[in-house]
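Enquirer: Dock chain one against chain two, each of which comes alone in its own frame, and use the hints as you go.
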Amino acid sequence: AQKVTQAQTEISVVEKEDVTLDCVYETRDTTYYLFWYKQPPSGELVFLIRRNSFDEQNEISGRYSWNFQKSTSSFNFTITASQVVDSAVYFCALKSNTGKLIFGQGTTLQVKP
Amino acid sequence: DAGVIQSPRHEVTEMGQEVTLRCKPISGHNSLFWYRQTMMRGLELLIYFNNNVPIDDSGMPEDRFSAKMPNASFSTLKIQPSEPRDSAVYFCASSRGQGEPYEQYFGPGTRLTVT
Chain A
107 AQKVTQAQTE ISVVEKEDVT LDCVYETRDT TYYLFWYKQP PSGELVFLIR RNSFDEQNEI
167 SGRYSWNFQK STSSFNFTIT ASQVVDSAVY FCALKSNTGK LIFGQGTTLQ VKP
Chain B
195 DAGVIQSPRH EVTEMGQEVT LRCKPISGHN SLFWYRQTMM RGLELLIYFN NNVPIDDSGM
255 PEDRFSAKMP NASFSTLKIQ PSEPRDSAVY FCASSRGQGE PYEQYFGPGT RLTVT
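Same order as they appear, the protein sequences are chains A and B. In this text, residue positions in the first sequence follow my numbering: the first is 107, and each later residue adds one. In this text, residue positions in the second sequence follow my numbering: the first is 195, and each later residue adds one.
Calculated from the structure, these hints are not laboratory results. Note that CB positions come from ideal geometry on N, CA and C, so glycine has one too. There's no promise every hint is true.
[Unchecked claim] Residues on chain A that point at chain B, a partial pick, calculated with CB under 10 Å:
1) Y131
2) F141
3) S148
4) I155
5) R156
6) R157
7) N158
8) S193
9) A194
10) F197
11) T204
12) G205
13) K206
14) I208
15) Q211
So that you can see chain B by itself, here it is in the shape it has in the complex (with noise of 0.2 Å):
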């Protein structure tokens, strides 16, 4: 069975201009999360999905970032316009609930670069 699919794996931008990132979880799983990992902070989650709709975006670090899940398979992270600031490895996970008690698959991540 396909894991979470992410795209692309690394991005390399420069400060100011738009990125999108993709993921495509495992079919069957209702549930959707993106993370972001630095050094600094460890792993932070950025906002979460139930059934394709946003439960949590607190996580959001500030009005640049923007997340969608149009259907059940999709869902995108966008970055406008991005900083330096916003490099990290962006993860993202399913899981088959919300409140339940299952574990989230994780993707392998998409290292951004923003120079």
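Here chain A stands alone, though its shape is the one from the complex (with noise of 0.2 Å):
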């Protein structure tokens, strides 16, 4: 069975902070993607980041960082120097060659003035 879990499902920081969102996944196909999406208070989801399976480098994007670690079936997300723009529900999926798209159930990141 494949799944994705977020385990935060709330999370207040205040600005400037830097911030973790976990999540883990199962999953028993050798290949896979994990991907990172926003859902801003506006509602539409946006696209964050695309990881394969096959390449655990991180990666950084500005005040975005993501760290994918296979040994303990983990791709998490952190935003340092957090703004009050950050504040939208996170979500964490895992795509199969199936294509089908499992989501997390959302982190919703809260940043405070």
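Expert: See below:
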């Protein structure tokens, strides 16, 4: 069975704090892909990053960074120096070769000024 | 470039009525996905198409739901008859491939309220 767990339901931080959103996944596939999406209060889902199972390099994009650890089946997302505009629901997702995207339940991040 | 287009953005209907949601995927994308988002169940995949052919409809809740993709640029999700428990945000998404690792791009969603 495939599953994505985002154990943190809600996180609240003060602006400029760093925050890490956890994602743990389960799959028996040897090839799979992991994604993060952002859903701001306006409601749309915005793609942030894709990572395949063969590439364990961490990635940094501006204030965002992702840590993929195959040994622990985790794909965590860190926002450095958070801003109010980062307030959103963040979803981690797993995609297998069948094409289906399995989403976690999401983590609601609130960044207070 | 235009993203995924969904219509209507909001729909309010009475129980028992037929509801049709529409989606235009990004040009050149050959996979299309319909999702439903509720507080209780989160984001659920209902059905997806590859090259206009339904690949997996195991997420469709029941026979009241049906989806079609008559061509590469248009898809519909129909609920007949609608029930209050169908109230949710319905998202359409498209991507360049099925098994490939291409990300899915989502439309703005249709917020459906069934009274």
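Enquirer: Would you mind marking each hint as holding or not holding in the structure?
Expert: Cross-check of the supplied hints:
Interface restraint check for Y131 (chain A): the shortest CB-CB distance to chain B comes to about 15 Å, outside 10 Å, so the restraint is violated. Against a cut-off of 10 Å between C-beta atoms, the interface hint on F141 (chain A) holds, since the closest Cβ of chain B lies about 6 Å away. At a threshold of 10 Å, the smallest CB-CB gap from S148 (chain A) to chain B is about 8 Å, leaving the interface hint in force. Nearest Cβ of chain B to the Cβ of I155 (chain A): about 9 Å, under the 10 Å cut. The hint holds.
Using the Cβ-Cβ criterion of 10 Å, the hint placing R156 (chain A) at the interface with chain B is satisfied: the shortest such distance is roughly 5 Å. Checking R157 (chain A) against chain B by beta carbon gives a least distance of about 9 Å; that is within 10 Å, so the hint holds. Taken as an interface hint, N158 (chain A) checks out: its beta carbon lies about 6 Å from the nearest beta carbon of chain B, inside 10 Å. Taken as an interface hint, S193 (chain A) does not check out: its beta carbon lies about 18 Å from the nearest beta carbon of chain B, beyond 10 Å.
The closest approach between the C-beta of A194 (chain A) and any C-beta of chain B is roughly 14 Å, which is over the 10 Å cut-off, so the hint fails. Look at F197 (chain A): its Cβ gets to within about 7 Å of chain B, closer than 10 Å, so that hint holds up. The beta carbon of T204 (chain A) is positioned within 10 Å of a beta carbon in chain B (closest approach about 7 Å), and the interface hint is therefore held. A least Cβ separation of about 4 Å between G205 (chain A) and chain B falls short of the 10 Å threshold, and the interface hint therefore holds.
Because the closest C-beta pair between K206 (chain A) and chain B is about 6 Å apart, less than 10 Å, the hint holds. A distance limit of 10 Å between C-beta atoms decides the matter here; for I208 (chain A) the minimum to chain B is near 8 Å, and the interface restraint holds. A cut of 10 Å between beta carbons decides the hint on Q211 (chain A): the least distance to chain B is about 5 Å, and the hint holds.
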